[in-house]
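*Asks:* Sequence:
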Amino acid sequence: MASVPRSLLFTPGSRPDRFAKAGATAAESLILDLEDAVAEADKDAARANVAAFLSARQGVAQDVTVRINPLSRACGLLDLAMLATAPAAPDYILLPKAETPAQIALMAQVLDDAGSPARIGALVESARGVAAAAALAQVHQRLAFLMFGAADYAADLGQQVETFQPDHARAAIVNAAACGGVVAIDSPFFAIDRPAGLEADCAAGKAVGFHGKAAIHPSQIDPINSGYSPSEAERTRARRILEAAPDGVGVLDGKMVDIAMVRWARSVP
1 MASVPRSLLF TPGSRPDRFA KAGATAAESL ILDLEDAVAE ADKDAARANV AAFLSARQGV
61 AQDVTVRINP LSRACGLLDL AMLATAPAAP DYILLPKAET PAQIALMAQV LDDAGSPARI
121 GALVESARGV AAAAALAQVH QRLAFLMFGA ADYAADLGQQ VETFQPDHAR AAIVNAAACG
181 GVVAIDSPFF AIDRPAGLEA DCAAGKAVGF HGKAAIHPSQ IDPINSGYSP SEAERTRARR
241 ILEAAPDGVG VLDGKMVDIA MVRWARSVP
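Residue numbers (UniProt numbering): 1 to 269.
Read the hints as simulated data drawn from the structure, not as lab findings.
Just to be clear, a hint being listed does not mean it is correct.
What follows is a list of derived Cβ distance ranges for each label pair [as the list claims (entries may be wrong)]:
hint, residue 1, residue 2, range
1, V268, G158, 36 to 44 Å
2, I192, G248, 40 to 48 Å
3, R240, G158, 47 to 55 Å
Here the structure is a predicted model, which means the values were calculated and not measured.
Think of the CB as a built atom: it goes at the ideal place given N, C-alpha and C, for glycine as much as any other residue.
Take these sequences, add in the hints, and give me the full structure.
*Replies:* Pasting the structure below:
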(Lines of atoms letter the chains of each structure in order from A and count residues from 1; the text may use other names and numbers.)
(Lines give C-alpha, C1' and ligand atoms only; values in the text may rest on other atoms or scores of the structure.)
Protein backbone atom coordinates (compact mmCIF):
# COMPACT_ATOMS: atom_id res chain seq x y z
CA MET A 1 0.00 0.00 0.00
CA ALA A 2 1.32 3.45 -0.91
CA SER A 3 2.26 6.10 1.64
CA VAL A 4 -0.84 7.68 3.08
CA PRO A 5 -1.58 11.41 3.25
CA ARG A 6 -3.59 12.14 6.35
CA SER A 7 -5.04 15.41 5.03
CA LEU A 8 -6.01 16.45 1.49
CA LEU A 9 -7.08 20.06 0.95
CA PHE A 10 -9.53 20.96 -1.83
CA THR A 11 -8.78 24.24 -3.65
CA PRO A 12 -10.88 25.58 -6.57
CA GLY A 13 -9.08 25.48 -9.91
CA SER A 14 -10.65 28.85 -10.67
CA ARG A 15 -8.68 30.47 -7.82
CA PRO A 16 -4.99 30.28 -8.77
CA ASP A 17 -4.27 32.91 -6.12
CA ARG A 18 -5.01 30.21 -3.53
CA PHE A 19 -2.71 27.49 -4.88
CA ALA A 20 0.45 28.65 -3.13
CA LYS A 21 -1.54 29.51 0.00
CA ALA A 22 -2.82 25.93 0.09
CA GLY A 23 0.73 24.70 -0.36
CA ALA A 24 1.81 26.77 2.64
CA THR A 25 -0.56 24.90 4.95
CA ALA A 26 0.21 21.66 6.78
CA ALA A 27 -1.97 19.71 4.34
CA GLU A 28 -0.12 16.59 3.25
CA SER A 29 -1.72 16.61 -0.20
CA LEU A 30 -3.57 19.17 -2.33
CA ILE A 31 -6.60 18.63 -4.54
CA LEU A 32 -7.05 21.21 -7.28
CA ASP A 33 -10.71 21.03 -8.20
CA LEU A 34 -12.03 21.41 -11.74
CA GLU A 35 -15.48 20.04 -10.91
CA ASP A 36 -17.94 21.14 -8.22
CA ALA A 37 -15.97 24.15 -6.97
CA VAL A 38 -15.83 25.71 -10.46
CA ALA A 39 -18.74 27.48 -12.15
CA GLU A 40 -19.67 26.30 -15.63
CA ALA A 41 -18.51 29.56 -17.20
CA ASP A 42 -15.08 29.16 -15.59
CA LYS A 43 -14.27 25.56 -16.58
CA ASP A 44 -11.89 26.42 -19.42
CA ALA A 45 -10.08 29.09 -17.39
CA ALA A 46 -9.71 26.73 -14.43
CA ARG A 47 -8.22 24.05 -16.68
CA ALA A 48 -5.69 26.59 -17.97
CA ASN A 49 -4.88 27.67 -14.42
CA VAL A 50 -4.13 24.11 -13.37
CA ALA A 51 -2.03 23.47 -16.49
CA ALA A 52 0.04 26.57 -15.75
CA PHE A 53 0.47 25.57 -12.11
CA LEU A 54 1.64 22.05 -12.96
CA SER A 55 4.42 23.43 -15.13
CA ALA A 56 6.00 25.19 -12.14
CA ARG A 57 4.37 24.20 -8.82
CA GLN A 58 5.89 27.29 -7.25
CA GLY A 59 5.54 27.30 -3.49
CA VAL A 60 3.96 23.85 -3.33
CA ALA A 61 5.90 20.82 -2.12
CA GLN A 62 3.00 18.43 -1.54
CA ASP A 63 1.65 15.78 -3.87
CA VAL A 64 -0.96 17.29 -6.17
CA THR A 65 -4.24 15.69 -7.19
CA VAL A 66 -6.56 17.20 -9.79
CA ARG A 67 -10.26 16.39 -9.64
CA ILE A 68 -11.59 16.37 -13.16
CA ASN A 69 -15.17 16.66 -14.35
CA PRO A 70 -17.09 13.43 -15.08
CA LEU A 71 -16.00 11.54 -18.17
CA SER A 72 -19.61 11.68 -19.38
CA ARG A 73 -19.09 15.40 -20.01
CA ALA A 74 -17.04 17.10 -22.71
CA CYS A 75 -15.27 19.23 -20.11
CA GLY A 76 -14.26 16.06 -18.26
CA LEU A 77 -12.72 14.58 -21.40
CA LEU A 78 -10.88 17.85 -22.01
CA ASP A 79 -9.62 17.78 -18.41
CA LEU A 80 -8.31 14.24 -18.80
CA ALA A 81 -6.66 14.96 -22.15
CA MET A 82 -4.90 18.04 -20.76
CA LEU A 83 -3.60 16.20 -17.70
CA ALA A 84 -2.57 13.08 -19.62
CA THR A 85 -0.46 15.11 -22.06
CA ALA A 86 0.84 17.73 -19.61
CA PRO A 87 4.67 17.99 -19.65
CA ALA A 88 4.52 17.95 -15.84
CA ALA A 89 1.80 15.52 -14.77
CA PRO A 90 -0.09 15.69 -11.50
CA ASP A 91 0.60 12.94 -8.99
CA TYR A 92 -3.01 11.80 -9.08
CA ILE A 93 -6.15 12.40 -11.15
CA LEU A 94 -9.36 12.11 -9.15
CA LEU A 95 -12.36 10.70 -11.03
CA PRO A 96 -15.71 11.97 -9.69
CA LYS A 97 -18.90 9.91 -9.75
CA ALA A 98 -16.92 6.65 -10.01
CA GLU A 99 -19.43 3.88 -10.57
CA THR A 100 -17.98 1.32 -13.01
CA PRO A 101 -14.58 -0.31 -13.50
CA ALA A 102 -14.81 0.70 -17.17
CA GLN A 103 -14.43 4.37 -16.20
CA ILE A 104 -11.13 3.70 -14.44
CA ALA A 105 -9.97 1.36 -17.21
CA LEU A 106 -10.61 4.11 -19.77
CA MET A 107 -8.63 6.64 -17.74
CA ALA A 108 -5.76 4.16 -17.38
CA GLN A 109 -5.78 3.47 -21.13
CA VAL A 110 -5.60 7.19 -21.93
CA LEU A 111 -2.76 7.71 -19.45
CA ASP A 112 -0.91 4.69 -20.83
CA ASP A 113 -1.31 5.98 -24.37
CA ALA A 114 0.03 9.40 -23.40
CA GLY A 115 2.89 7.98 -21.35
CA SER A 116 1.72 9.82 -18.25
CA PRO A 117 2.94 8.68 -14.81
CA ALA A 118 -0.17 10.02 -13.04
CA ARG A 119 -2.06 7.61 -10.84
CA ILE A 120 -5.82 7.52 -10.32
CA GLY A 121 -8.12 8.21 -7.40
CA ALA A 122 -11.78 7.20 -7.52
CA LEU A 123 -14.39 9.34 -5.75
CA VAL A 124 -17.19 7.02 -4.66
CA GLU A 125 -20.25 9.18 -4.09
CA SER A 126 -23.36 7.36 -5.26
CA ALA A 127 -25.34 4.25 -4.42
CA ARG A 128 -24.06 2.61 -7.60
CA GLY A 129 -20.52 3.56 -6.72
CA VAL A 130 -20.74 2.08 -3.24
CA ALA A 131 -22.22 -1.12 -4.66
CA ALA A 132 -19.33 -1.37 -7.13
CA ALA A 133 -16.57 -0.29 -4.72
CA ALA A 134 -14.83 -3.67 -4.55
CA ALA A 135 -14.68 -3.93 -8.35
CA LEU A 136 -13.44 -0.36 -8.63
CA ALA A 137 -10.61 -1.00 -6.17
CA GLN A 138 -9.26 -3.96 -8.11
CA VAL A 139 -9.61 -2.90 -11.74
CA HIS A 140 -6.16 -1.43 -12.47
CA GLN A 141 -2.76 -0.96 -10.84
CA ARG A 142 -2.88 2.78 -11.55
CA LEU A 143 -5.60 3.15 -8.91
CA ALA A 144 -4.07 4.54 -5.71
CA PHE A 145 -7.05 5.38 -3.51
CA LEU A 146 -10.79 5.37 -3.03
CA MET A 147 -12.34 8.52 -1.58
CA PHE A 148 -15.81 8.71 -0.07
CA GLY A 149 -18.07 11.57 -1.20
CA ALA A 150 -20.69 11.94 1.51
CA ALA A 151 -22.63 14.91 0.12
CA ASP A 152 -23.55 13.37 -3.23
CA TYR A 153 -24.14 9.99 -1.62
CA ALA A 154 -26.56 11.49 0.89
CA ALA A 155 -28.41 13.28 -1.91
CA ASP A 156 -28.60 10.03 -3.87
CA LEU A 157 -30.42 8.47 -0.92
CA GLY A 158 -32.65 11.49 -0.32
CA GLN A 159 -30.87 12.48 2.88
CA GLN A 160 -29.25 15.63 4.28
CA VAL A 161 -25.51 15.27 4.66
CA GLU A 162 -25.56 17.12 8.01
CA THR A 163 -27.70 14.47 9.69
CA PHE A 164 -27.15 11.38 7.53
CA GLN A 165 -25.26 8.39 9.00
CA PRO A 166 -23.61 6.64 6.03
CA ASP A 167 -22.15 3.79 8.08
CA HIS A 168 -22.74 1.17 5.39
CA ALA A 169 -21.05 3.23 2.67
CA ARG A 170 -18.03 4.03 4.80
CA ALA A 171 -17.54 0.39 5.78
CA ALA A 172 -18.03 -0.80 2.20
CA ILE A 173 -15.43 1.64 0.84
CA VAL A 174 -12.87 0.81 3.53
CA ASN A 175 -13.33 -2.92 2.95
CA ALA A 176 -13.12 -2.51 -0.83
CA ALA A 177 -9.92 -0.48 -0.54
CA ALA A 178 -8.35 -3.15 1.65
CA CYS A 179 -9.33 -5.82 -0.89
CA GLY A 180 -7.65 -3.87 -3.67
CA GLY A 181 -4.57 -2.91 -1.65
CA VAL A 182 -5.31 0.80 -2.02
CA VAL A 183 -5.84 3.66 0.42
CA ALA A 184 -9.25 4.74 1.78
CA ILE A 185 -9.81 8.49 2.24
CA ASP A 186 -12.88 9.82 4.07
CA SER A 187 -15.21 12.57 2.90
CA PRO A 188 -14.75 16.18 4.00
CA PHE A 189 -16.60 17.46 7.05
CA PHE A 190 -18.69 20.31 5.69
CA ALA A 191 -19.37 22.40 8.81
CA ILE A 192 -16.20 24.46 9.09
CA ASP A 193 -17.57 26.24 12.18
CA ARG A 194 -17.89 23.01 14.21
CA PRO A 195 -14.36 21.94 15.24
CA ALA A 196 -15.68 19.50 17.82
CA GLY A 197 -17.80 17.86 15.15
CA LEU A 198 -14.75 17.54 12.89
CA GLU A 199 -12.75 15.89 15.67
CA ALA A 200 -15.57 13.41 16.27
CA ASP A 201 -15.85 12.71 12.55
CA CYS A 202 -12.11 12.04 12.31
CA ALA A 203 -12.31 9.65 15.25
CA ALA A 204 -15.23 7.82 13.66
CA GLY A 205 -13.50 7.58 10.28
CA LYS A 206 -10.27 6.31 11.76
CA ALA A 207 -12.19 3.73 13.81
CA VAL A 208 -13.89 2.42 10.66
CA GLY A 209 -10.54 2.09 8.87
CA PHE A 210 -9.99 5.22 6.79
CA HIS A 211 -6.38 6.34 6.43
CA GLY A 212 -6.96 10.07 5.94
CA LYS A 213 -9.56 12.72 5.27
CA ALA A 214 -10.26 15.44 2.73
CA ALA A 215 -10.66 19.04 3.87
CA ILE A 216 -12.48 22.03 2.43
CA HIS A 217 -10.83 24.74 4.57
CA PRO A 218 -7.29 25.27 5.89
CA SER A 219 -8.60 25.45 9.47
CA GLN A 220 -9.49 21.76 9.21
CA ILE A 221 -5.97 20.56 8.44
CA ASP A 222 -4.46 20.45 11.93
CA PRO A 223 -7.42 18.55 13.48
CA ILE A 224 -7.32 16.05 10.61
CA ASN A 225 -3.56 15.53 10.89
CA SER A 226 -3.93 15.04 14.62
CA GLY A 227 -7.00 12.83 14.36
CA TYR A 228 -5.38 10.49 11.85
CA SER A 229 -2.06 10.22 13.69
CA PRO A 230 -1.38 7.37 16.12
CA SER A 231 -1.73 8.37 19.76
CA GLU A 232 1.23 8.02 22.08
CA ALA A 233 -0.59 5.12 23.72
CA GLU A 234 -0.90 3.38 20.35
CA ARG A 235 2.77 3.94 19.55
CA THR A 236 3.79 2.60 22.95
CA ARG A 237 1.61 -0.47 22.58
CA ALA A 238 2.93 -1.12 19.05
CA ARG A 239 6.51 -0.91 20.28
CA ARG A 240 5.83 -3.28 23.16
CA ILE A 241 4.11 -5.79 20.85
CA LEU A 242 7.10 -5.82 18.51
CA GLU A 243 9.47 -6.25 21.44
CA ALA A 244 7.40 -9.09 22.90
CA ALA A 245 6.89 -10.93 19.62
CA PRO A 246 9.82 -10.27 17.25
CA ASP A 247 9.06 -13.56 15.47
CA GLY A 248 5.30 -12.99 15.32
CA VAL A 249 4.28 -14.91 18.46
CA GLY A 250 4.76 -13.96 22.09
CA VAL A 251 3.17 -12.94 25.37
CA LEU A 252 2.47 -9.38 26.53
CA ASP A 253 0.94 -8.56 29.91
CA GLY A 254 -0.15 -12.15 30.28
CA LYS A 255 -1.94 -12.24 26.95
CA MET A 256 -1.03 -14.02 23.75
CA VAL A 257 0.35 -11.93 20.89
CA ASP A 258 -0.18 -13.35 17.41
CA ILE A 259 0.83 -12.36 13.90
CA ALA A 260 -2.31 -10.25 13.33
CA MET A 261 -1.39 -8.01 16.26
CA VAL A 262 2.19 -7.83 15.00
CA ARG A 263 0.95 -6.75 11.55
CA TRP A 264 -0.97 -3.91 13.19
CA ALA A 265 2.05 -2.89 15.26
CA ARG A 266 4.27 -2.79 12.17
CA SER A 267 1.81 -0.44 10.46
CA VAL A 268 2.02 2.17 13.22
CA PRO A 269 4.41 4.97 12.19
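*Asks:* If a hint holds in the structure, say so; if it doesn't, say that too.
*Replies:* Hint check results:
{"no.": "1", "hint": "V268 with G158: 36 to 44 Å", "in the structure": "40 Å, holds"}
{"no.": "2", "hint": "I192 with G248: 40 to 48 Å", "in the structure": "45 Å, holds"}
{"no.": "3", "hint": "R240 with G158: 47 to 55 Å", "in the structure": "48 Å, holds"}
When the structure is compared with the earlier hints, no violation turns up for any of them.
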